[in-house]
Amino acid sequence: MKHAGNVEAETQPASRLRAIFTHRAIWPVIALALIFLVDGIISPGFFQIRVVEGRLFGNLIDILYRATPTALVAIGMAVVIGTKGIDLSVGAIIAIVGAVITWRIHAGDPHGLVLLIALAVALVCGLWNGFLVAVLDIQPIIATLILMTSGRGIGLMINLLYGGTNPSFTSPFLQGLSVGHIGLIPTRLVLFGAIFLALWLLVRRTAFGLLLEAVGGNPAAARIVGINARLVIYSAYLISGFCAGWAGVVLAADTHTSDPVSIGLYVELDAILAVVIGGGSLAGGRIYLGMTLLGVLVIQALTTSILTSGLPPEYNLVVKAVVVLVVLLLQSANLRAALYRMFARAKP
Amino acid sequence: MKIAKWLGGAAIAATLVLAGSSAFAVTIGFSQVGDEGDWRPAFSKDMQEEAKKEGIDLKFADAQGKEEEQLKAVRAFIAQKVDAIIIAPVVTTGWGQVLAEAKKANIPVFLADRDVEGDKSLFVARISADFNLEGKLAGAWLAQASKGNCKIVELQGTVGSAPAIERKKGFEAVTSLFPDMKIVKSQSGDFTTEGGKKVMEAFIKATDNLKGICGVFAHNDNMQLGAIQAMKEAGLKPGKDVLMVSVDYVPAMKEALAAGDANASVELRSAIGKYIYPVVTQYLQDHKELPKWIVIPSDLHAAKTAGN
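If you read the sequences in order, they're chains A and B. So for the first sequence, our numbering puts the first residue at 1; every next one is plus one. So for the second sequence, our numbering puts the first residue at 1; every next one is plus one.
Bear in mind the hints are in silico, worked out from the structure with no lab data behind them. Everything numeric in this text was worked out from a predicted model, so none of it was measured. Note that beta-carbon positions come from the ideal geometry of N, C-alpha and C, so glycine has one too. Some hints could be false.
Chain A regions said to be covered by chain B (calculated; three or more residues, Cβ under 8 Å) [what the hints assert, rightly or not]:
#1 217-229
#2 282-290
#3 312-320
Here are some, though not all, of the chain B residues that point toward chain A, as calculated from beta-carbon distances under 7 Å [as the list claims (entries may be wrong)]:
#4 D38
#5 D57
#6 Q156
#7 T158
#8 V159
#9 Q187
#10 S188
#11 T192
#12 E194
#13 V199
#14 A202
#15 G235
#16 K237
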């Protein structure tokens, strides 16, 4: 499936053009290019990249830097959606992880151990979702809604364990993972790259990826050929939990505060949106990790552009909605077919 | 025999104590918005502690930020026949019906914090700080510190919320008196540290490292604390290169002021039980007409070492 573009491109020039215009990456790329074009016009110097405080510094870096937590959540979400599931609890997992980190640092645990505890908690959250979906067979949207609605409350309860309302912490180690830099490159980008690569290899270079898509694409057929669907679904939610947990580490260490009410708020919606912009279908059966990343970049480029543009904040959400609508419209197969017909008719 | 007599005596004594407490203790229902941020939990805690001090029987209900929870809580207070109800409204609209029910049950209603729209005769008084005044105080401090010449970036609160609207209005009312004071960038950081940090990162890029910017006005401290982090990560010195003024005066801001990372913060008092309860208990005794809005004073706290 992922080589469909290449196969067609090897035939005639006309169909090569057609192949480009029917490749699923084209519309998000055009959207991204348009956003950057507008940026270049309204704010000169938008693309400038300098070295400040020993690391790369500029709007483009900001986009990657700020996109990291959403990107982490989104690639986990892409895997879950690939199994015909959905994970609404990712924002809540981020809140719980942030609270656990702050709590354990206040309790005096070594910071390496705090990181392990935080990730273990995220995996337990994933296990819980997996249990509800795979074992109890509850609809994923409802199953993960349970943790979504209760998770931020759990975060607040953890904060209350040691009497804080919005407690902050200091941890050179954890903050280094989030806001530090390796050479010129922000550490969070390097770590994201490693996680992404590992997940990509798992999904694209092992049989496990095939199993994931099989369970999502046709659960009945998957069962008949002897795939243990329960185990596969469990692992999908574990992956999503881990990714959300890592996003929680990045976000909590960023402001070094535990604020369960607002941390990672609505990140689940941005992540689902990124998967859809990346061509993933909520009906399952397809996992496009790279395309999901492209979707995240479109969303974050838009957000950063709005912030630098000087647009009054009242318009933020409207502009975002319009751009997302345009991208999704362009992606619509029906609209694409109509555009192609127009293109074909225009030729003699 | 002896035991029965003793029991009887105890029962009479208990009845007397109970009767006594119900005759003198005032029962107040307090419907709180939720427990978001730093300020609101502190406000809730103070209301509960002050009530204990004043010997008030406080029934506390947390609406978890939901309007329907709050309406439910207020109706429960009416059913329990409390002496008075204090509401910190989640939203400003949709209050007519339930306030009319309270009025019909002869239970006076007081508002804390936010206002409500509609018929003002349905509640006795609103007791709160004046967001507009907070904005004015911040603007006045910045005007004085910059001698009326300042390019400002603004971190707004949640779009459309009353404190964001009023603090902006108040701030601009003062800065507009000075021809050389101008807000050059303004965006919403949603009242959160994360939001303030993100927006400041973008502003730093958009203004070439805050070149020519002399002040940052944040609608709350959490956003300002995020902005301070972003500026430090970009190698800037908040509080020295740029004047930092915000609203709330939360504990973390006290530390930032002491460290010289921020310059001034207008206190939004969270310990306001001592302003609210006397008004309510006094009204329960004499039922004297009160002004519709009783303002709780605001103070500006400036760092000892002023910037520049």
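Against the structure, the hints come out as follows:
Counting residues of the region 217-229 of chain A whose beta carbon lies closer than 8 Å to any beta carbon of chain B gives 0, which falls below the threshold of three, so the coverage claim is violated. Figure legend: the region 282-290 of chain A, annotated as covered by chain B; annotation inconsistent (0 residues with Cβ-Cβ distances under 8 Å, at least 3 required). Three residues within the 8 Å Cβ limit are the bar, and the region 312-320 of chain A against chain B gives 4, so the coverage statement holds. About 5 Å separates the beta-carbon of B/D38 from the nearest beta-carbon of chain A, less than 7 Å, and the hint is met.
Interface hint status for B/D57: violated, as the beta-carbon distance to the closest one in chain A is roughly 24 Å, over 7 Å. With 7 Å as the threshold, the beta carbon of B/Q156 comes within range of chain A, its nearest partner Cβ sitting at about 6 Å, so the hint holds. For the restraint placing B/T158 at the interface with chain A, the shortest Cβ-Cβ distance is roughly 9 Å, beyond the 7 Å limit, so the hint is violated. The restraint placing B/V159 at the interface with chain A holds, with a minimum CB-CB distance near 5 Å, inside the 7 Å limit.
With its C-beta approaching chain A no nearer than about 5 Å, B/Q187 sits inside the 7 Å limit, and its interface hint holds. Below 7 Å, beta-carbon pairs count as interface contacts, and B/S188 has one with chain A at about 4 Å; its hint therefore holds. About 4 Å separates the beta-carbon of B/T192 from the nearest beta-carbon of chain A, less than 7 Å, and the hint is met. About 5 Å separates the beta-carbon of B/E194 from the nearest beta-carbon of chain A, less than 7 Å, and the hint is met.
Hint status for B/V199: holds, given a least beta-carbon distance of 6 Å to chain A, under 7 Å. Taken as an interface hint, B/A202 checks out: its beta carbon lies about 4 Å from the nearest beta carbon of chain A, inside 7 Å. Nearest Cβ of chain A to the Cβ of B/G235: about 4 Å, under the 7 Å cut. The hint holds. A hinted interface residue such as B/K237 counts as satisfied when its beta carbon comes closer than 7 Å to some beta carbon of chain A; here the least separation is about 12 Å, so the hint is violated.
Hints 1, 2, 5, 7, 16 from the list above are not met by this structure, while the remaining hints are.
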